[in-house]
Amino acid sequence: DAGVTQSPTHLIKTRGQQVTLRCSPKSGHDTVSWYQQALGQGPQFIFQYYEEEERQRGNFPDRFSGHQFPNYSSELNVNALLLGDSALYLCASSLVSRRNAYNEQFFGPGTRLTVL
Amino acid sequence: GENVEQHPSTLSVQEGDSAVIKCTYSDSASNYFPWYKQELGKRPQLIIDIRSNVGEKKDQRIAVTLNKTAKHFSLHITETQPEDSAVYFCAASTGNNNDMRFGAGTRLTVKP
Chain A
24 DAGVTQSPTH LIKTRGQQVT LRCSPKSGHD TVSWYQQALG QGPQFIFQYY EEEERQRGNF
84 PDRFSGHQFP NYSSELNVNA LLLGDSALYL CASSLVSRRN AYNEQFFGPG TRLTVL
Chain B
327 GENVEQHPST LSVQEGDSAV IKCTYSDSAS NYFPWYKQEL GKRPQLIIDI RSNVGEKKDQ
387 RIAVTLNKTA KHFSLHITET QPEDSAVYFC AASTGNNNDM RFGAGTRLTV KP
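Going down the list, the sequences are from chains A and B.
Using the working numbering, you'd call the opening residue of the first sequence number 24 and step up by one each time.
Using the working numbering, you'd call the opening residue of the second sequence number 327 and step up by one each time.
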């Protein structure tokens with residue numbers, strides 16, 4: 024049973040470029056959340072995808088966009104990269120409960136993005 | 327939106343002592359409070375969680391308490407060991423992982 028996987032592991036980009044990060048959820052999970060973790064900080068919620076739609080969004084600009092595919096995998100896209108976008112990007116998967124009860128969230132290993 | 331504050335930012339204890347980390351939250355609708363342990367260069371790992379209908383939960387050396395009225399919750403680690411050294415994060419959400427907010431983290435160092 025594979026856990027949450029992310030690719031690539033590391034990425035170096037320059038300002039103004041665009042980047043796409045990928046996440047495959049844990050087997051049986053249908054929901055993917057994305058987080059940005061700056062060095063020495065806690066993860067900051069970017070957005071969450073369920074049934075191929077964005078369900079909730081944190082305080083991030085429109086340069087951050089995402090997608091969820093029918094197989095529940097997800098992509099995070101960041102346009103017009105800024106130096107401040109350098110961070111560890113984590114995705115987490117979970118299974119939505121029909122009764123809105125909370126289900127454990129599993130994190131992937133993250134993608135470390137460096138913007139020069 | 328939810329705002330989670332965590333204290334202290336760093337904590338150093340002697341092996342065998344107890345460690346306590348405290349968090350406060352602002353959104354009274356929050357009903358789920360997980361704690362994560364993150365070792366250097368690794369992903370956050372869930373160590374314990376508590377729901378708003380419970381006041382305390384214990385798992386071996388780890389316990390969490392929740393005070394809904396005061397909107398604060400705490401992590402207690404007893405008989406600390408060097409392998410407990412890591413960064414610990416508290417978080418709060420309103421269910422289904424929507425809009426989960428994390429504290430800034432506590433770097434715990436357990437000295438042998």
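No lab work stands behind these hints: they were computed from the structure.
Each hint should be verified, as a subset may be incorrect.
[As the list claims (entries may be wrong)] Which residues of chain A face chain B? A few of them, derived with a C-beta cut under 8 Å, are:
| no. | residue |
| --- | --- |
| 1 | Gly51 |
| 2 | Ala61 |
| 3 | Gln79 |
| 4 | Gly81 |
| 5 | Phe83 |
| 6 | Pro84 |
| 7 | Phe87 |
| 8 | Ala110 |
| 9 | Glu127 |
| 10 | Gly133 |
| 11 | Thr137 |
| 12 | Leu139 |
[Unchecked claim] In silico lysine-lysine, DSBU-like type, Cα no more than 35 Å apart, as pairs:
| no. | chain 1 | residue 1 | chain 2 | residue 2 |
| --- | --- | --- | --- | --- |
| 13 | B | Lys394 | A | Lys36 |
| 14 | B | Lys384 | B | Lys397 |
| 15 | B | Lys384 | B | Lys394 |
| 16 | B | Lys394 | B | Lys383 |
| 17 | B | Lys384 | B | Lys368 |
| 18 | A | Lys36 | B | Lys363 |
Computed from a predicted model, the values in this text were never measured in an experiment.
Yeah, the Cβ is synthetic: ideal placement off N, Cα and C, and Gly gets one too.
To see whether the hints hold, each was checked on the structure:
1. Gly51: violated (15 Å)
2. Ala61: violated (10 Å)
3. Gln79: Where the cut-off is 8 Å and the nearest Cβ of chain B is about 5 Å from Gln79 (chain A), the hint holds.
4. Gly81: With Cβ-Cβ at 7 Å, under 8 Å, it holds.
5. Phe83: violated (12 Å)
6. Pro84: For Pro84 (chain A), the interface hint is violated, since the closest Cβ of chain B sits about 16 Å away, which is over 8 Å.
7. Phe87: This interface hint is violated because 15 Å lies over the 8 Å limit.
8. Ala110: violated (13 Å)
9. Glu127: holds (6 Å)
10. Gly133: holds (6 Å)
11. Thr137: This interface hint is violated because 15 Å lies over the 8 Å limit.
12. Leu139: violated (21 Å)
13. B:Lys394 x A:Lys36: Violated, at roughly 44 Å.
14. B:Lys384 x B:Lys397: holds (19 Å)
15. B:Lys384 x B:Lys394: holds (18 Å)
16. B:Lys394 x B:Lys383: holds (14 Å)
17. B:Lys384 x B:Lys368: holds (25 Å)
18. A:Lys36 x B:Lys363: holds (29 Å)
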